[in-house]
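All chains should be built: construct the whole structure from the sequences, respecting the hints.
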Amino acid sequence: MKSHYSDAPVSSIPARHTLSVLVDNEPGVLARIAGLFSGRGYNIESLTVSETEHEKHVSRITIVTTGTAMVIDQIKHQLDRLVPVHRVVDLTTEGEAIERELALVKLVGKGESRSEALRLAAAFGARTVDATLDSFVFELTGTSEEIERYLRAVSELGLAEVSRTGIAAMARGVAAF
Amino acid sequence: MTKQMSGAEMVLKVLQDQGVEHIFGYPGGAVLPIYDAMFQQDKVKHVLVRHEQGAVHAAEGYARSSGKVGCVLVTSGPGATNAVTGLTDAMLDSIPLVCITGQVPTHLIGSDAFQECDTVGITRHCTKHNYLVRSVEDLPRILHEAFYVAANGRPGPVVVDIPKDVQFALGNYERPKDNQHKTYRPRVQGDIEKIRAAVALMAKAKKPIFYTGGGVINSGHEASAMLRELVRLTGFPITSTLMGLGAYPAADPQWMGMLGMHGTYEANMAMHDCDVMICIGARFDDRITGRLNAFSPHSKKIHVDIDPSSINKNVKTEIGIVGDCGNVLRDMLAEWKAVLPKPDRTKINAWWDEIGNWRAKNCLAYRGSDSIIKPQYAIERLYALTKDRDPYITTEVGQHQMWAAQYFRFEEPNRWMTSGGLGTMGYGLPAAIGTQMAHPKALVIDIAGEASILMNMQEMSTAVQYRLPVKIFILNNEYMGMVRQWQELLHGGRYAESYSDSLPDFVKLAEAYGGVGIRCSDPAKLDDAIMEMIDTPRPVIFDCLVAKTENCFPMIPSGKAHNEMILNDLSDAGDQNIGNVIDAKGKALV
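Line order of the protein sequences matches chains A and B. Counting the first sequence from 1 gives a position; this note's numbering is that position plus 25. Counting the second sequence from 1 gives a position; this note's numbering is that position plus 331.
Incorrect hints may have been included.
Said to hold, decoys possible - Calculated lysine to any residue pairs in the SDA-like style (CA-CA distance at most 25 Å, straight line):
id, chain 1, residue 1, chain 2, residue 2
1, B, Lys508, A, His111
2, B, Lys647, A, Gly66
3, B, Lys374, B, His353
4, B, Lys692, B, Asn882
5, B, Lys631, A, Thr93
6, B, Lys525, A, Asp98
7, B, Lys891, B, Asn643
8, B, Lys718, B, Gly699
Unchecked claim - Pulled from the structure, derived: some chain A residues nowhere near chain B, Cβ distances all over 12 Å:
id, residue
9, Thr118
10, Ser138
11, Leu143
12, Phe149
13, Glu164
14, Ser180
15, Leu182
16, Arg197
17, Val199
18, Phe202
To be verified - Chain B stretches covered by chain A per the calculated footprint, using a threshold of three residues with CB under 8 Å from any CB of chain A:
id, stretch
19, 447-456
20, 508-515
Derived by calculation from the structure, the hints in this document are not laboratory data. Because the structure is a prediction, the values reported are computed rather than measured. Backbone N, C-alpha and C define an ideal beta-carbon position, used for all residues, glycine too.
As structure tokens, then:
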């Protein structure tokens, strides 16, 4: 149940949006943004954050969320009215954005599965960043879908651990936000 | 000019530089340096409350009745957590506050020290913004910024958490020259193209309505003045939310009374049937709209709000104008005068005829009594006997609040202080204290219920200490009346825990606090008793014993539309059976 009185417009279909939020890197700013999403019942599919301009103490937060047009609009306005937020850009409406994610994948095993793991790494363009007689750690960069596909492929090859960064995104062309 | 001073001295310096005259607070270990600095100056006057929640509500009453930023000073831990309800109240009603909280010294933060709590964590979502000051160098900037953020854009509460070592530390004080905030730049000027489109839409309206809210009050006196001019110029009917009462004079013939769950029949019917709705500084909340998919189905909507997130949040609007109500009203007026539109007066007169028919229902009529005081009658008499004294009214929350909104009439803004969004019982008495501090000579009345008043009763002691002659007018029906009414509506009249048992003797209680107590249960003696209250230049508790099971009507039952109101049954048959009005779906709503 959302707002008490909203058996209201459910007209439009939910869509996935990638938002790029430029914030002052002050203490608590991430909690403020994460809390806004949980407090108002919006979902976060992915969230990445890092300081991108050290002298100005500005961080870029990339959020992937899903909602109807009205909800996405609300999310943007709610983010924008937070005091430490400089700018909110909806990369999805700005045109097709570049989205990349990095994954570290640990495969544990012996024998034939090791050579299959190396063949798949080559096929997906994953880099070997650690190897022992019993394990590999691969690094793969790509879209979330590519990473999902890779993980499905290695799922039977002793997949022991996965660590993903979440999405970093940027608009194509000269436009800079 | 820079000057070395302690963090605590800086706090006082900032308050003085910001023109703060009164601060409401309660001392404790983590704010002692600030209290010491306060002791050594006499520009900022401190009002000692009896509970930190009272301090915040008092600052709210002060702010809302004066248009200034309200200030609060409390200690760490329980001081801060007790303030949370007040801060949330100010957040929902957009009241500008700066609340300074003490914090344990920086090196103890995170160690579960005595009276430590994560104040910025706890208050993050019930404030507009909050700060933990980590260094005395940041203190002047943050404090001045706090005042800027509280008052600009959509107003709200700001918390500044200051560790005790920062209060002792020495630093340079300089008032920031640049008043602009690095990131926070609210849009205050409306888009002129949209304003033109809005005026064009208004000019063609056949069944227009103005629906205004607390944003007009927050924008200041000028906004109310311009609203009056625009409404008169257009000849359109006007209604307002609970928070907006007083922006437009209740005596004016174009005024239709409050709208919403307990609004007037004519206001709600006109909202439902209008073709152009001009919403200014209100936010389409659930008390106003009733069932959303049946809300004003035939109208095009213009929405003016300073907060972009209010537009299209609950209700889709055709023209959304982001800006300060005052600025937008000025531009609308200028545009109307420049274009000189000729609305279709025949159609608008027909609209007024329709409204006249709804008015003829006389929805606020109630069955009078010679033997018992009807709560509606009590408010009517209170209004009649005080209206020439320009009174300031605060309320608690419940039936008495709605009756006050219905039967007390407001001609000017800033005269009506009530907890709208959060619905905080216990708001009224401290708010009355804050209001009286801001207007020492005014007649300030807290219209209360016997249950609500007990939630912050301790503040009577504050009123007596500062010789604040606030009047507490209790409509005592020995029930949490609104809870009882909903139990009658929804739960088969099983009045679980809503009876006010073991009430104190309010007359003796007033005397125990050093105030004056008056009791009245006879309608014939009510006027004299009210006059006695008004003429007593001291804090008064007026225990008005009223009809016990009166319900508050008209009412839009939960889950129903504006045109499905329940009206008061005036027949002699007795109370109507209201137990089956709300369907199963509506029962899940609040």
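Please write out, lowest number first, the hints stated earlier that are contradicted by the structure.
Of the numbered hints, all hold.
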